Amino acid sequence: MDEKEIQSFLIISSVVLFILIITMISLFILFQKRKNALILKNEFEKKHFEQEISKAQIEIREETFRNISWELHDNIGQLLTLAKIQLQNDSSIDEVKGTLNKCLKELRDLSKLISPDALKNMSLEQAVTGEINRFNRLNFIESQLTIKGRQTKIDSKIEIVFFRILQEFFSNTIKHAKATHLDIILDYQTDMLIITAKDNGLGFDLNKQQHSGIGLSNIKNRAKLVNANATILSEPNKGTKLTITYQINHENTYSSNC
Amino acid sequence: MSTNPIFLSYLINALELIAAVFALVHYKKYVNSSERYFLLFLWVTFFIDAILGPLSIFLKLDNTWLYYGYTGISFLFYYWWYHTILMERLYKIIIKVLSVIFTVLYALNSLNVELHQYSFIIGASFLLIFAGFHLHQLFNSDYTLKIKHKLSFWITIALVLFNIGMLPFILLSKYFNVWINNLAFTSIFFILNMILYSCYIIGFSWTKKKYNHF
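Chains as they are written, first to last, in the working numbering: chain A, 4 to 261; chain B, -13 to 200.
Excised from the complex, chain A in its bound form (with noise of 0.2 Å):
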């Protein structure tokens, strides 16, 4: 090689080290940065689904203290008002013995429905049956709960969404629907579970913004929440469906990815 190629050598080597080097570099730190970013958006998801999950157990708790208020001051004090009111009356004991009998049976299934341990270790299936079971003892609704397919194990922390967006449209049923029967569908199939609840109420235009509000968003924003999707359905006097459809073994799901 003589002087001029050595220094062409020199020249094209230098240069081709410098923007390999130079790219190197670049991507490197363009890496990193996306990284950092993407680890803190994770870790904001979690936190921010953690916080759901919570709020959603609250709410749970908050309408089984409801429940009990209402079963103690409805059901069991009635039940121990009739026991009085027949001892004033001077009834049979028998008579009053079936009362304060029928009482204690109250008491129980209260007390068994509300333990801690039950409601901690309650899969889905068991917490819509004890819900279901309330309403139809109690007389409030007539409902039902169909199970189809072989059930799958599905994370604790997605039943609480779902049995909470249930509760939710229990809750609105009771309330504002007006609705004699009532039926859920738990529908697992191979790589789906297919949650329905129908009424046969007075049902709402959806189209109504008053009607929007009333824990629609809140039931669609919880799905969401899970990889789920909820789809409503309702029309004036023709009810109201409500649709929860969620892949099995989601890979996205933030229990599988945090």
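Simulated from the structure, these hints should not be mistaken for laboratory data. The structure presented is a predicted model; accordingly, all values stated were derived computationally and were not measured. There's no promise every hint is true.
[Said to hold, decoys possible] The following residues of chain A were derived to be distant from chain B, with all beta-carbon distances above 10 Å:
| no. | residue |
| --- | --- |
| 1 | Lys38 |
| 2 | Glu62 |
| 3 | Ile88 |
[To be verified] The calculated SDA-like cross-link candidates involving lysine to any residue, where the alpha carbons are at most 20 Å apart (straight line), are:
| no. | chain 1 | residue 1 | chain 2 | residue 2 |
| --- | --- | --- | --- | --- |
| 4 | A | Lys36 | B | Gly118 |
| 5 | A | Lys100 | A | Leu82 |
| 6 | B | Lys160 | A | Phe21 |
| 7 | B | Lys134 | A | Leu33 |
| 8 | A | Lys44 | B | Thr130 |
| 9 | B | Lys132 | A | Asn39 |
| 10 | B | Lys132 | A | Phe31 |
| 11 | A | Lys7 | B | Pro154 |
| 12 | B | Lys132 | A | Lys7 |
| 13 | A | Lys244 | A | Tyr191 |
| 14 | B | Lys132 | A | Glu46 |
| 15 | A | Lys36 | B | Phe125 |
The beta-carbon is built from N, C-alpha and C at its ideal position, and this holds for glycine as well.
Since the structure of chain A is provided, determine the placement of chain B on it from the hints.
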């Protein structure tokens, strides 16, 4: 500096072979993705570079067209691959348009051997744009956290580093008019090839099946 530059070209052939063997050994990990065509591509590269090339020299045939043909096909293969893995519609349209422009310019440049280098420069420039699209797509996805297991990332890094080094190498060699087949210049070409195939080998070794599903 007195070593024969042919020795380095044998080393490049060895790198091509090692990369192709790694691609074969780890094939199961990326069989469900469009990266599976790289197995064939790497073996074709080895076959052309290590067998057909030397054979044409041995038979005293002009191998200009063999390498020019390989350059065109390899760029179009990379373009097609990026077209399949990029999600955004705009990116796909840009790839289609630039592929057509490349094909036309490639055909025009083929008329004059002097212009063959420009085909590489155009092809490599377009490829760098598509690689940028892919990196943008990857960095905006959840793959960022597990990027070392993603084969398309390593292939893209390989292509970026090789082509971004090749561009000034070719342009400056032409500018100084020193395109000479000696060890000093072949060594730059060797280093770029080493980076290219090392990234391929790392990619095939580190990739995991669950990150290569489309």
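Right, here's what the structure says about each hint:
A/Lys38, annotated as away from the interface, has a beta carbon of chain B within 10 Å; the closest lies near 5 Å. The beta carbon of A/Glu62 sits about 30 Å from the closest Cβ of chain B, which is more than 10 Å, so the claim that it is off the interface holds. For A/Ile88, the shortest C-beta to C-beta distance to chain B comes to about 67 Å, beyond the 10 Å cut-off, and the non-interface label holds. About 16 Å separates the Cα atoms of A/Lys36 and B/Gly118, which keeps this hinted pair within 20 Å; it holds.
A threshold of 20 Å between alpha carbons decides the hint, and for A/Lys100 with A/Leu82 the separation of about 11 Å falls inside it, so the pair holds. Distance hint between B/Lys160 and A/Phe21 is fulfilled; the C-alpha atoms sit about 19 Å from each other, no more than 20 Å. Restraint check for B/Lys134 and A/Leu33: the C-alpha separation of about 15 Å stays at or below 20 Å, so the hint holds. For the hint linking A/Lys44 to B/Thr130, the alpha-carbon distance of about 12 Å falls within 20 Å, and the restraint holds.
For the suggested pair B/Lys132 and A/Asn39, the alpha carbons sit about 13 Å apart, so the restraint of at most 20 Å is met. Of the supplied pair hints, the one linking B/Lys132 and A/Phe31 holds, its CA atoms being roughly 14 Å apart against a limit of 20 Å. As the CA atoms of A/Lys7 and B/Pro154 are separated by approximately 18 Å, the hinted pair is consistent with the 20 Å bound. The hinted pair formed by B/Lys132 and A/Lys7 fails the criterion: a straight-line CA distance of about 48 Å is larger than 20 Å.
With a CA separation close to 18 Å, the supplied pair A/Lys244 and A/Tyr191 stays within the 20 Å bound. In summary, the hint linking B/Lys132 to A/Glu46 is supported, as the alpha carbons are separated by about 16 Å, within the 20 Å threshold. Between A/Lys36 and B/Phe125, the direct Cα distance comes to roughly 10 Å. Compliance with the 20 Å bound is thereby established for this hinted pair.
Violated hints, listed in ascending order, are 1 and 12; each of the other numbered hints is respected by the structure.
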